[in-house]
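Undergrad: Protein chains in written order, with the working numbering: chain W, 1 to 735; chain B, 1 to 222.
One should not assume that every hint holds.
With a straight-line cut-off of 27 Å between C-alpha atoms, the simulated DSS-like cross-links for lysine-lysine are [as the list claims (entries may be wrong)]: (1) B:K187 / W:K331; (2) W:K49 / W:K378; (3) W:K23 / W:K280; (4) W:K351 / W:K208; (5) W:K443 / B:K129; (6) B:K37 / W:K331; (7) W:K443 / W:K61; (8) W:K208 / W:K280; (9) W:K331 / B:K73; (10) W:K561 / W:K481; (11) W:K137 / B:K109; (12) B:K37 / B:K129; (13) B:K109 / W:K724; (14) B:K37 / W:K330; (15) W:K3 / W:K23; (16) B:K2 / B:K28.
Partial pick of chain W residues on the chain B-facing surface, computed with a CB cut under 10 Å [said to hold, decoys possible]: (17) L245; (18) W412; (19) Q416.
Please keep in mind that the hints were generated in silico from the structure rather than gathered at the bench. Here the structure is a predicted model, which is why all the values come from computation and not from measurement. C-beta atoms are modelled at their ideal positions from N, C-alpha and C, and glycine is treated no differently.
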Amino acid sequence: MTKITPELVAEHGLSDDEYGRIKRLLNREPSFVELGIFSVMWSEHCSYKSTRIHLRKLPTKAPWVLQGPGENAGVIDIGDGDACIFKMESHNHPSFIEPYQGAATGVGGIMRDIFTMGARPVAMMNALRFGEPSHPKTRHLVSGVVSGIGGYGNCMGVPTVGGEVNFHASYNGNILVNAMCVGLARTNRIFRSAAKGAGNPVVYIGSKTGRDGIHGATMASAEFSEDSEEKRPTVQVGDPFTEKLLLEACLELMATDAIIAIQDMGAAGLTSSSAEMADKGGSGIELNLDHVPQRETDMTAYEMMLSESQERMLAVLKPGREAEAEAIFKKWELDFAVIGITTDTHRLVVKHKGEIVADLPVTALSDEAPLYERPFSKRATATGTPSYDAKLPILESLRTILSAPDMCSRRWVWEQYDYTVMADTVQCPGGDAAVVRVHNSNKGLAISTDVTPRYCRADPYEGAKQAVAEAWRNISAVGAKPLALTDNLNFGNPEKPEIMGEIVSGIDGIGEACRALDFPVIGGNCSLYNETNGEAILPTPAIGGVGLLRDVHRMATIAFKHSGEAILLVGDAKGHLGQSIYLREIEGREEGPCPPVDLAAEKRAGDFVRQLIEDGRVDTVHDVSDGGILVAVAEMALAGDIGADIGIAGMTQSIPFFFGEDQGRYLLTAAPEVADRIEHELREAGLVHAIIGQTIGEKVLRVEREGEATLASLRALHESWFPKYMSGEEIPASN
Amino acid sequence: MKAAVIVFPASNCDRDAAVALEQMTGRKPRLVWHQEKDLPDVDLVVLPGGFSYGDYLRSGAMASQSAVMRAVKAHAEKGGAVLGICNGFQVLTESHMLPGALMRNAELKFVCRPVTMTVEETQNAFTRKYANGQSVTFPVAHGDGNYFADEETLNRLEGEGRVVFRYAPGQNPNGSARNIAGILSEKRNVLGLMPHPERVVDPLLGGTDGRGMFESLIETLS
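From just these sequences and the hints, can you work out the full model?
TA: As structure tokens, then:
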């Protein structure tokens, strides 16, 4: 038997205190297998030990929420007996080490979280952050991550309909790959993971177990150092073909009533799936590892319990239904094995080759897991108004911004994703929110992922609020009612008080925005320890929002559709330049406070714009975000290939007007007489607004007193950065 | 027109093809599992897009060996219509029901975008409702769509009027020889093409240019 030494305990990422707690809970030393089980179940990744007490403060309820946090994914009711199931999850550390497989298995993992609940995945989104373009690894990582996401999602036949890509030096040694999956089920056919009852067969389905990914959850709970690349064997290898078969086989089994509980084997594989199912069901589970389908010979119990081999599920069936289930999995040529039974002992018992290798109370792995109230300190947030030099003419600034790495077209990325498979994508990548039709209906799901990490660095609380508000705004901008969100909280090392301060403020900011916008959190994931050699990433609480479009025929897109229409700004133009793209790209400074979000004004503006779309009065809307008004107008013109003539609506300062990033704003177009009527209604509703120009017949963007730029020239700049960069063109180091 | 859609493991446009067929013909096509040895009594067999058998080995290679393909070949030999879309086209070349091969895209990346093509032949069951020389836009979504054949074969395809769809100038998404997007078999009853007509039958989804193909088939086969 392997002797448990202090070194071995430390290698498992457990502190001395935590090991002492294990001994007290067991009244003995753990076995080697038990130590492995504790190490993954008590890891930050699985236990949320640093964030649990803070996450409890988030609003998670609404009349339409059918399942909040705590299951494989959250569920909302979208009417007519339809349920929408979604979640976002990170695969940051593996993707940095092995970008293709890391990103691919991130996609595979989140899809399993969705279909394990009985839903067919219908859309994928992602939120990606890379290091600065001049960093020697960035190109390789972008290429690998994008092809990995496409490689897995395309084979699954689930459209990848959008996402975000940002570059920043803080991600040089620690990229972020957050993948979101959205699925559809019937409200009365949702599957959960509680293994209720004793004497029920526990079955293993999917791929065989190998030695890949052992200790992935522990790796995801530690900082990176120079030797991280030696951890490559802990990155799993994805097989989307098997996952596609697993999806179809699971949905076929779910059409019967044979299943009591089902959960995918994600992080910490067999260990977490069995422990969590027993915990939620208030039961126990006894596993016999001799029956686990194995890909390699002589696997030990320790290896099988900690393997993160992909494309596997654990299910509890009603007794006597094994043969029926097995026939389905045989048809799909997948492994199926009865590997255990539920008990009433509240213990997780693991047998291998006739011996009991682990025998643990289930609660020791769940409720009794450490819970930390880590000390935190809050940094002073920036104040004041940054100065600017007006270095460039307005149109020259626009050209620079439209071709900046963070602002240029992401076509190079999304053309590698099959975004039209399933034949329900009614709003493709490149708009404010993607929209997929609910199959066989006129309803649509609007989906958006958002966060502006530079805002969160300046002010973690306001920045997190802004992330929620922007997701809500993007969904409103297509005409959908925002219903719920999933959060993916990416931060540095929570053991550092200033990082813990960012986490606490971030969660508080999310909570405030969710309450004000009636936009609850129904699930999510925390990814902490995103640091390399002690340097943390920008705080990046990514938000994935979902909304319901009542009729996909009444939907807005960003593209200008007719010339001769008035361009109307809803919201105020105060000219907030702190943390703006203008300040960074033109003046070379990341400074000042981030724009504050007035949540009450946000809600009123969004509700007003959505109503216009629902009433069929407006079909061209774009939210004003990164880059401000002029960038938004340019994007609308390029999308529709229709020009515009705009001015500064009586303001005095053109740079703050055109490039300020004030929040809660939308641009929309309407025929002049309709626009008059809308302006009147805006005045009555007390909403700040202005006509800033009109669409025109010529294909140019004309700016009052500044001249004009052809759409063709702007398009060439906007579209060229990404392909040029990825083809290997030299990029000068930034600033 | 009665139609069947073949379902290989990891076909993933089988539903899209079935939905488009039902929308256009008013009747549900039969979905036929790859292990079936016989086909139902149908006028048209569709080999849908996807990643049959994970596209491991080569795209379409393993699917070409599955049981149902013998029945599909027999159906074609009797003059029955077969439409292979995307992965279905790859299965058709791997089965030698169409000449040539579909190699990795020239840029070595998966590509999803609408592409414009010219309809170059209308004397067949698949495109008779289009005008000769008509410009149509279908989406592509593939990693292996780079059509290749030796010069002699290409000349023969051109000479026999078997190049049905050709990418418009500047639109070739994959580097295919002579901008070929879709070809006919010698007997003109088997069509393989990379772009997806089944994704453009509904105006909400970016166009209706694909309808012409289904209307042609309905007119010919009903």
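Undergrad: Which hints, by number, does the structure contradict?
TA: Checked against the structure, the hints that fail are numbers 1, 5, 12, while the rest are satisfied.
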